[in-house]
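K.L.:
What follows is each chain in one-letter form.
Protein chains: 2
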Amino acid sequence: MSGTIEVVQSSELVQKARQAKAAASALGKMTTEQKNKALELISTQLLEEQKFILAENSKDLIIGKDNGMNDSLLDRLKLDEKRLKEMADALILLTELIDPVGEVLEQWERPNGLDISTVRVPLGVVGMIYEARPNVTVDATSLCLKTGNAVLLRGSSTAIHSNKALVQVIHHALEKSDLPIEAVQLLEDTSRETASEMFKLNDYLDVLIPRGGAKLIQTVVKNATVPVLETGAGNCHIFIDETADPGMAINIAINAKTQRPSVCNACESIIVQKNWADDHLQELVKALQEKGVQIHGDAFVQQGGNQIIPAGEEDWGTEYLDLEVAIKVVETVDEAITHINQYGTKHSEAIISASNENVEKFFMEVDAAAVYHNASTRFTDGFEFGFGAEIGISTQKLHARGPMGLPALTSTKYVVRGTGQIK
Amino acid sequence: MSGTIEVVQSSELVQKARQAKAAASALGKMTTEQKNKALELISTQLLEEQKFILAENSKDLIIGKDNGMNDSLLDRLKLDEKRLKEMADALILLTELIDPVGEVLEQWERPNGLDISTVRVPLGVVGMIYEARPNVTVDATSLCLKTGNAVLLRGSSTAIHSNKALVQVIHHALEKSDLPIEAVQLLEDTSRETASEMFKLNDYLDVLIPRGGAKLIQTVVKNATVPVLETGAGNCHIFIDETADPGMAINIAINAKTQRPSVCNACESIIVQKNWADDHLQELVKALQEKGVQIHGDAFVQQGGNQIIPAGEEDWGTEYLDLEVAIKVVETVDEAITHINQYGTKHSEAIISASNENVEKFFMEVDAAAVYHNASTRFTDGFEFGFGAEIGISTQKLHARGPMGLPALTSTKYVVRGTGQIK
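Same order as they appear, the protein sequences are chains A and B. Number 157 in my numbering belongs to position 146 of the first sequence; there are no gaps in the numbering. Number 195 in my numbering belongs to position 184 of the second sequence; there are no gaps in the numbering.
Rather than coming from a laboratory, the hints here were simulated on the basis of the structure. Worth double-checking, as some hints may not be accurate.
To be verified - Chain A stretches covered by chain B per the calculated footprint, using a threshold of three residues with CB under 8 angstroms from any CB of chain B:
no.	stretch
1	193 to 206
2	403 to 411
Stated by the list, open to error - Calculated Cβ distances over 12 angstroms to all of chain A for the following chain B residues:
no.	residue
3	Asp77
4	Asp110
5	Ser202
6	Asp217
7	Val231
8	Asp378
What the hints assert, rightly or not - Here are the computed distance ranges between Cβ atoms for each label pair:
no.	chain 1	residue 1	chain 2	residue 2	range
9	B	Asp86	A	Thr43	49 to 59 angstroms
10	A	Gly431	B	Ile320	24 to 34 angstroms
11	B	Asp256	A	Glu120	16 to 26 angstroms
Don't be surprised by glycine CBs; every beta carbon is placed ideally from N, CA and C.
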């Protein structure tokens, strides 16, 4: 019996992946106008069918409450008129962005007369794996369609009613468009076994993008043979060197820690050079505490402040994602860089300094997707960088690193024009 | 006991990977001059110690012969003075290429005054997995060092004496350079178990590059959780449409098939549109047969020629890598494109045509790393494209696609300069 069930599971996955792949081929030929028209139609359809969507969403919310889902998760799961309106508006904004597909990145001629150019093309089929946030269903789908990619969505079982409703509505919109409706596929089977199968579906999927917490992402990275776009955790540091302007340093540290503590580009550790700490650490600690931040500090920090929790080894590697921060005092810039490279997650790292030498050293030696001088790590974001959209923030080094805009969902193709050349 | 052995195996791998990672950090800071000097020193050292290298290589050759290794594999394994000279010369040529590390790819300013730039940086640690070709040891090492990457080499057990000798010589050269000798690591344990462990060593390796046959590559792709740069098989097609110039079409088909049949960019199937076939197929078949090419043909081809082997389903998907070709006759351009997308390996595909419409359609719809008009597929090559070096030819869509030059061994970093900006 269990064998039969497995075959059934597998066949939904493979069948939908195959349909997505076939649709990807047709999608790749769509013009920017055809793709934008489809996005507009989805935007309209979401609002037209909002009652249906909210009714289905409330089923998930009821089941979630019954199963003891906490308030923060329920809030992420919840859709309402305002959130649907935001989704619909985001789709319209997306139509205004430049379509990267077809862009000629380089063109050159070889001595033998061959004319070679590099042209952006869609990736093909994108596998999205995400948690109980139905907005990702619409967000991921729209980014994929804009870039000519088909998408196979695998959301959480706890959002299945919402996701099915949203994909049904998207299909209703696509029926009125030139795009194939098979370009958007939702896996209704949300079992772990099928997810594991999806991780290894190299024949049909060109890339997997996990969106969610560190655990989900690591599960995908550690098990997938399909190439993964790793959007990762952020254990981000602010390093205040001895030349830093005290007002600016404290201002940036407060912002990076407290403006939105739950996000990956928030600061989790502050590293302070001793000469600066001697004069300004108490002021920094006080300012953070006034904002309600709980401080874990090393021996030096404990000496100079009240209510400091002793920081242990585990604090340096912790993403608190809350109003908590670890503070460490170092003698040298080298010591700070070594610490950051040891405990950081290669996301966003900042130095506050008035020394060009220290800044250039930090930029060169700190291994991270984004390195900052005299600015908050909170700017690591596709919108803040001016990309107009964001797939996620890559913490891996292949393909795309840092905030990923639409071009991260494309590949390239060499187009070679000859006049009969042979080798 | 087997547990103990496993620990020992694992510890060589992890220890060397850890050393490579530590060295990568130092390597990333080296100037172009320091890296080029090291390449020159390796070039000199290879020639100075050639007697030692050739003596060690002959041990592998003797063992290979004793174990019944075939002549073609023995030839790939063999080093001699001429081949060492070629390696030494290639190192000097590499010093003349532009160092991609440090290149500023883009720079822009945001309305809030943040100055953002994208800078090329090394990947970190590259894991190379390859077969019994000792030249890859030197080739891979030199490309990695030029781009500031450390390398963990895992060659074949049948080339272990050669590889150990070459790495020892490379270390002798690095001792005289500013580069850390730990940047080049050779795994002496060539067991499958350790290779499998290496496939999943995400904590230390930034990328795996398999170099060798289709089987090796697929083993790595299907088992690795470390990101892979897939350099793949080539089932390349020449499509001759009804408007093609007969002389040019035959010339290109002959070149793509026969100039070097054993390589991945050689042609394996020729697709001919019926109207052209009616007038010129016999001439094409005859020209191929005169070059010693064995022809597998569909029913139409069989009718018009002698000594045609009936082509079956399996022929369309076969990389002969020899003087054999499959020929299929189609009615339409669409039929040709569908066939190519079904059986091709997304490597290199050519159309021979005088119709702009057909060419643009082919360029748009054929899914391959390189698409050609009126030229031989044999040009898909880093040197032919003018890159001056080649890591391999990527058939995947993430990171790099097609011939990969030095930039394929780099990542990027966002460098953000502020004046106190907070969010």
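K.L.:
With reference to the structure, classify each hint as holding or not holding.
P.N.:
Verification of the supplied hints:
Beta-carbon proximity to chain B at under 8 angstroms applies to 0 residues in the stretch 193 to 206 of chain A; the threshold of 3 is not reached and the given coverage is violated. Counting residues of the stretch 403 to 411 of chain A whose beta carbon lies closer than 8 angstroms to any beta carbon of chain B gives 4, which meets the minimum of three for the stated coverage. With a minimum CB-CB distance of about 37 angstroms to chain A, aspartate 77 of chain B clears the 12 angstroms threshold, and the non-interface call stands. For aspartate 110 of chain B, the condition that its CB be more than 12 angstroms from all CB atoms of chain A holds, with the nearest at approximately 14 angstroms.
Non-interface status of serine 202 of chain B relative to chain A is upheld: no Cβ of that chain comes within 12 angstroms, the nearest being about 21 angstroms off. With a closest Cβ-Cβ approach of about 5 angstroms to chain A, aspartate 217 of chain B is found to fall inside the 12 angstroms limit, against its non-interface label. Listed as a non-interface residue, valine 231 of chain B fails to keep its Cβ farther than 12 angstroms from every Cβ of chain A; the least gap is roughly 9 angstroms. Against chain A, the non-interface label of aspartate 378 of chain B is violated: not every CB pair exceeds 12 angstroms, the least being about 7 angstroms.
In this structure the supplied range 49 to 59 angstroms holds for aspartate 86 of chain B paired with threonine 43 of chain A, their Cβ-Cβ distance being about 52 angstroms. At roughly 29 angstroms, the beta carbons of glycine 431 of chain A and isoleucine 320 of chain B sit within the given window of 24 to 34 angstroms. At about 21 angstroms, the beta-carbon gap between aspartate 256 of chain B and glutamate 120 of chain A stays in the expected band of 16 to 26 angstroms.
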